Amino acid sequence: MTTYILRRLALSAPVLVGITLVIFCAIRLLPGDPAIVMAGDLASGEYVDQLRHSMGLDKPVWIQYAIYLGNVAHGNLGRSTKSLRPVLAEIRDRYPYTIQLTVAGMLVAAVLGISTGAVSAARRDSVFDYGSMVVALFGVSVPIFWLGLILILLFSVNLRLLPAGGSGSLAHLVLPALTLGASAAGILARMTRESLLEVLGSDFVRTARAKGLRDTTVLLRHALPTAFVPVLTTLGLQFGSLLGGAVITESVFGWPGMGRLIVDAIAARDYPLVQGALMVFATSFALINVAVDVLYVLIDPRIRLP
Amino acid sequence: MIRPRSGVVPRLHTTRNAVTVASGLLLVAVVVAAVAAPALPFDPVQLDLSQALRPPTVAHLLGTDELGRDLLTRIVYGGRTSIGIALGSVVVATAAGILFGVVAGYGGGRVDAVIMQVVNVALSFPAVLLALLMVALIGQGVANLMVAIGIQAVPGFVRLVRGSVLAVRAHEYVEAARAIGCAPSRIAVIYILPNLVGPLAVQATFLVAAGVQLTSALSFLGIGVPPPTPEWGSILAGGRNYLSLAPHITLAPGLVLLFVLLALNLLGDRLRDALDPRARI
Numbered sequence: 098m099t100t101y102i103l104r105r106l107a108l109s110a111p112v113l114v115g116i117t118l119v120i121f122c123a124i125r126l127l128p129g130d131p132a133i134v135m136a137g138d139l140a141s142g143e144y145v146d147q148l149r150h151s152m153g154l155d156k157p158v159w160i161q162y163a164i165y166l167g168n169v170a171h172g173n174l175g176r177s178t179k180s181l182r183p184v185l186a187e188i189r190d191r192y193p194y195t196i197q198l199t200v201a202g203m204l205v206a207a208v209l210g211i212s213t214g215a216v217s218a219a220r221r222d223s224v225f226d227y228g229s230m231v232v233a234l235f236g237v238s239v240p241i242f243w244l245g246l247i248l249i250l251l252f253s254v255n256l257r258l259l260p261a262g263g264s265g266s267l268a269h270l271v272l273p274a275l276t277l278g279a280s281a282a283g284i285l286a287r288m289t290r291e292s293l294l295e296v297l298g299s300d301f302v303r304t305a306r307a308k309g310l311r312d313t314t315v316l317l318r319h320a321l322p323t324a325f326v327p328v329l330t331t332l333g334l335q336f337g338s339l340l341g342g343a344v345i346t347e348s349v350f351g352w353p354g355m356g357r358l359i360v361d362a363i364a365a366r367d368y369p370l371v372q373g374a375l376m377v378f379a380t381s382f383a384l385i386n387v388a389v390d391v392l393y394v395l396i397d398p399r400i401r402l403p
Numbered sequence: 178m179i180r181p182r183s184g185v186v187p188r189l190h191t192t193r194n195a196v197t198v199a200s201g202l203l204l205v206a207v208v209v210a211a212v213a214a215p216a217l218p219f220d221p222v223q224l225d226l227s228q229a230l231r232p233p234t235v236a237h238l239l240g241t242d243e244l245g246r247d248l249l250t251r252i253v254y255g256g257r258t259s260i261g262i263a264l265g266s267v268v269v270a271t272a273a274g275i276l277f278g279v280v281a282g283y284g285g286g287r288v289d290a291v292i293m294q295v296v297n298v299a300l301s302f303p304a305v306l307l308a309l310l311m312v313a314l315i316g317q318g319v320a321n322l323m324v325a326i327g328i329q330a331v332p333g334f335v336r337l338v339r340g341s342v343l344a345v346r347a348h349e350y351v352e353a354a355r356a357i358g359c360a361p362s363r364i365a366v367i368y369i370l371p372n373l374v375g376p377l378a379v380q381a382t383f384l385v386a387a388g389v390q391l392t393s394a395l396s397f398l399g400i401g402v403p404p405p406t407p408e409w410g411s412i413l414a415g416g417r418n419y420l421s422l423a424p425h426i427t428l429a430p431g432l433v434l435l436f437v438l439l440a441l442n443l444l445g446d447r448l449r450d451a452l453d454p455r456a457r458i
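Sequence order for the protein chains is A and B.
Take 98 as the starting number for the first sequence in our numbering and just add one per residue.
Take 178 as the starting number for the second sequence in our numbering and just add one per residue.
There could be a bad hint or two in this list.
[What the hints assert, rightly or not] Computed, partial: chain A to chain B, Cβ under 10 Å:
#1 Pro111
#2 Leu118
#3 Ala123
#4 Val237
#5 Pro240
#6 Leu244
#7 Leu246
#8 Val254
#9 Leu258
#10 Ser266
#11 Ser348
#12 Tyr368
#13 Ala379
In short, the hints are calculated from the structure, not lab data.
Computed from a predicted model, the values in this text were never measured in an experiment.
Ideal Cβ positions, reconstructed from N, Cα and C, are used throughout, including at glycine.
Given only the sequences and the hints, what does the whole structure look like? Please build it.
If you want it as structure tokens, here you go:
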């Protein structure tokens with residue numbers, strides 16, 4: 098197992114190198130002197146010179162890339178041109194919030210999506226089935242920022258049950274998590290239903306029922322675990338879109354995470370911060386993909402490690 | 178009671194067709210309205226603060242926004258922006274997708290390996306992040322959004338085109354064409370491209386939906402279409418501070434956006450089912 102994890106991590110190395118390459122090239126494709134762009138409009142000529150030297154802009158491009166890689170490996174992502182704090186410190190303040198929101202959204206999606214899909218499949222063609230599948234369809238298409246505003250309108254403005262924004266307590270997390278998880282819940286509900294219906298039509302389920310097992314036992318002990326593998330795949334794939342969706346959700350609810358950080362940095366043309374934040378985001382995403390792959394092996398006994 | 182899988186319920190089939198027709202009609206209506214927008218009596222940009230935040234009336238069917246502009250007019254013009262950007266991004270993604278996809282699939286070897294490595298790296302980013310990166314690079318505005326949203330979709334298109342090219346290339350008629358001395362470019366245009374139309378149409382429909390959604394999301398975040406150009410996301414963003422005072426500013430454009438996205442996704446599904454019978458459930 099350890100070998101597999103190590104090999105899978107090694108396989109994602111090209112992706113990580115690709116990410117650094119894209120971000121390295123991106124800042125150099127910008128019009129104008131990278132040092133001036135990095136320093137910002139208000140920086141002094143002295144600072145620009147200092148930056149140009151520290152960026153090694155007089156050296157060949159591939160050496161510049163090597164220096165950049167070295168800096169990244171040492172956790173040196175530069176300084177924000179706006180707050181003048183190290184980029185890594187800015188990110189360290191915000192990162193836990195994004196993870197908290199994404200995991201909460203994931204939980205909402207998994208609990209809501211899988212249970213709805215399972216009940217829909219068990220009660221096929223019932224009113225619940227049709228009703229929940231229509232809701233799921235809406236969930237998949239609804240723009241995340243609009244759903245957030247509607248939930249605020251309903252639960253904060255009209256019912257005054259939950260806070261409309263900010264962070265600090267569990268109550269603050271409820272609406273953002275619901276907003277973020279909604280579309281993934283819709284996708285998971287449809288996926289679970291489909292997968293479970295297929296399993297329920299298979300021979301071993303008929304056998305289980307023929308030997309007199311109760312419906313609930315057949316469903317929970319025999320069918321559901323088998324139907325779970327494609328659902329888990331979908332769940333893993335959704336993690337990435339949840340991370341992306343967090344960018345938007347954070348802006349709607351004033352959640353102090355990475356998404357809000359990136360959007361503000363883009364608006365302020367704070368390139369070192371944009372670079373660093375995107376890098377951390379992309380790396381997390383690559384690592385999550387590894388984790389999902391490892392999870393498959395643990396859950397599906399049919400996948401054998403070579 | 179768990180019922181085994183039954184055949185297709187006829188009632189469901191009829192409902193499905195009705196929904197498809199309704200989706201098509203809705204999209205036609207939105208496009209016609211967007212094209213005919215100048216016929217509306219109000220200006221989409223001209224401010225009139227004395228009329229700000231009015232609820233729906235006979236004169237202003239959907240009320241006015243926070244700067245006194247007619248909301249219906251803004252939404253109709255917003256359709257021009259959103260759908261225009263989405264269609265532009267489809268052109269960008271299709272052109273680049275065909276170019277790189279055919280080169281990778283038909284060329285094979287090292288070229289294929291390099292292109293697919295880049296595609297796989299790009300596909301490992303969430304779409305929103307790719308779009309954000311592009312916007313950070315090339316800036317905001319209508320034309321830049323077309324490019325940014327188009328480029329974030331290119332990897333998906335390349336993979337689709339390459340896959341189709343590999344499938345078509347294996348057919349005997351392509352081998353026959355090659356045997357009688359047809360040039361690779363001619364084979365690509367005459368034999369391979371026509372086979373790509375179906376899958377590309379499906380992918381393009383989904384990209385229009387994703388494009389409309391990304392455009393409005395970026396504008397909502399304040400890094401998309403700059404004001405005062407009407408766009409669904411920025412109209413929503415304008416209304417968010419007046420949720421309790423004038424909820425119609427948030428409700429109306431959001432509902433239009435929701436149903437347009439729903440219609441596009443449903444049509445994409447149906448198109449895929451129609452073109453690929455194996456994928457039908």
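Hint check against the structure, violated hint numbers in rising order: Violated: hints 9, 10.
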